[in-house]
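A.B. asks: Chains E and F, in that order, give the protein sequences. Using my numbering, the letters of the first sequence map in sequence onto residues 1 to 113. Using my numbering, the letters of the second sequence map in sequence onto residues 1 to 116.
Do not rely on the hints blindly, as some may be mistaken.
As the list claims (entries may be wrong) - Calculated pairs, DSSO-like style, for lysine-lysine (alpha carbon to alpha carbon, straight line, at most 27 Å):
| # | chain 1 | residue 1 | chain 2 | residue 2 |
| --- | --- | --- | --- | --- |
| 1 | F | K42 | E | K27 |
| 2 | E | K51 | F | K5 |
| 3 | E | K44 | F | K111 |
| 4 | F | K108 | E | K44 |
| 5 | F | K71 | E | K27 |
| 6 | F | K68 | F | K15 |
| 7 | F | K42 | F | K15 |
| 8 | E | K44 | F | K15 |
| 9 | E | K62 | E | K27 |
| 10 | E | K27 | E | K44 |
| 11 | E | K51 | E | K71 |
| 12 | F | K15 | F | K58 |
| 13 | F | K68 | E | K44 |
| 14 | F | K71 | E | K51 |
| 15 | F | K115 | F | K68 |
| 16 | E | K62 | F | K108 |
Claimed, not checked - Some chain E residues well away from chain F (every beta-carbon gap over 12 Å; in silico):
| # | residue |
| --- | --- |
| 17 | G3 |
| 18 | R9 |
| 19 | L11 |
| 20 | R15 |
| 21 | G42 |
| 22 | L43 |
| 23 | V47 |
| 24 | Q80 |
| 25 | G85 |
| 26 | A89 |
| 27 | A93 |
| 28 | Q102 |
It is worth saying that the hints were derived from the structure and are not from the lab. Small disclaimer: the values here were computed from a predicted structure and weren't measured. Beta carbons: idealized from backbone N, C-alpha and C, even for Gly.
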Amino acid sequence: NAGVMQNPRHLVRRRGQEARLRCSPMKGHSHVYWYRQLPEEGLKFMVYLQKENIIDESGMPKERFSAEFPKEGPSILRIQQVVRGDSAAYFCASSRWGQETQYFGPGTRLLVL
Amino acid sequence: QQQVKQSPQSLIVQKGGISIINCAYENTAFDYFPWYQQFPGKGPALLIAIRPDVSEKKEGRFTISFNKSAKQFSLHIMDSQPGDSATYFCAASPENYGGSQGNLIFGKGTKLSVKP
C-alpha cells in the first residue's frame, strides 16, 4: 500500500521561473493538504483541498501561488515567478474522509537560484 | 491565538533516560493534538495523538499528557534510544470541516539527540 507520493523530490529553479509540485494521495484518500517548511522551522499550513474543491486557502500567499486537486490525477501546487524566499521544503499530506490522521509525503525541496 | 508554542528547541538525553517535550496553545477551538517525528530529509510521521476528552494516552514508550485547563500538552519518551534521535513536532487542529479534520498548526520543533 503506497504512501503519499510527491515529485519531484528536488527542484531547482532560477528566479522568475515557474515551479510545479505534484502530490498523489494515499489510495482512498480524498483530502490533500499542502505545508511549507523553512529551514529549522515548523511546518506552515498553506491550503486544504478535496477533489475539485479548495476548502481552506487561508495560508496561501495572495500572489503567485495556486493549488488544484482535479477529479483525475495528482494535486498540483504551482508557484509562478519564483523568488529566493520560496526556497523551502514543501510537504503534502492526505487523509481519508471522517478520519483525522494526516499522512505526509517525503516532500519536495525547492531551491531558487 | 493560532499559535502552538513548543519547548525546548533542542534536547540531549542519555540512552535509557526520559525525554520530555512541552507544548502550549491558546485557541480553545483546537480539538485534536498529534505529535509527529521527522528524520532529516524525510516527511513527518505521526507518532501519537490525543483529543481533549482524555488526560493521558500511552502507546509503547510514548505518552501524551494533556492538561485542558492549562492548555498544555506534553510528549514523554520513556527509555529513550539513539534511534529516537529526530525532530519532534507538536501540532493542533482548530476545527472539523464536516467530516474531516482541518489544517494542522505546528510548533517549531524540538531536536532530540539521545546519546549512547
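A.B. asks: Run the distance test for K62/E versus K27/E: straight-line Cα separation, threshold 27 Å.
C.D. replies: With a Cα-Cα distance of about 31 Å, the restraint between K62/E and K27/E is violated, given a limit of 27 Å.
A.B. asks: Was L43/E rightly flagged as not at the interface, with every chain F Cβ beyond 12 Å?
C.D. replies: violated (5 Å)
A.B. asks: Could you grab the alpha-carbon distance between K68/F and K44/E and see if it respects the 27 Å cut-off?
C.D. replies: Given pair K68/F, K44/E holds - Cα atoms ~24 Å apart, limit 27 Å.
A.B. asks: Holds or violated: is the Cβ of L11/E farther than 12 Å from all Cβ atoms of chain F?
C.D. replies: holds (15 Å)
A.B. asks: Can the restraint linking K51/E and K5/F be considered satisfied, given a maximum Cα separation of 27 Å?
C.D. replies: violated (33 Å)
A.B. asks: Since R9/E was said not to touch the interface, does its Cβ keep a gap of more than 12 Å from each Cβ of chain F?
C.D. replies: violated (9 Å)
A.B. asks: Since R15/E was said not to touch the interface, does its Cβ keep a gap of more than 12 Å from each Cβ of chain F?
C.D. replies: holds (25 Å)
A.B. asks: For A93/E, is the shortest beta carbon distance to chain F beyond 12 Å?
C.D. replies: Non-interface label fails for A93/E: nearest chain F Cβ at 8 Å, not farther than 12 Å.
A.B. asks: Please confirm whether V47/E is truly not at the interface, meaning its C-beta sits more than 12 Å away from all C-beta atoms of chain F.
C.D. replies: violated (8 Å)
A.B. asks: Next pair to validate is K44/E with K111/F; report whether the Cα-Cα distance is within 27 Å.
C.D. replies: Holds, because 18 Å separates the two Cα atoms, which is no more than 27 Å.
A.B. asks: Is the hinted pair K42/F and K15/F satisfied, with a Cα-Cα distance of at most 27 Å?
C.D. replies: OK: K42/F and K15/F at ~24 Å, within 27 Å.
A.B. asks: Does A89/E sit more than 12 Å from chain F, CB to CB?
C.D. replies: violated (9 Å)
Hints 2, 5, 6, 8, 9, 14, 15, 17, 18, 21, 22, 23, 26, 27 and 28, counting from the list given before, are not met by this structure.
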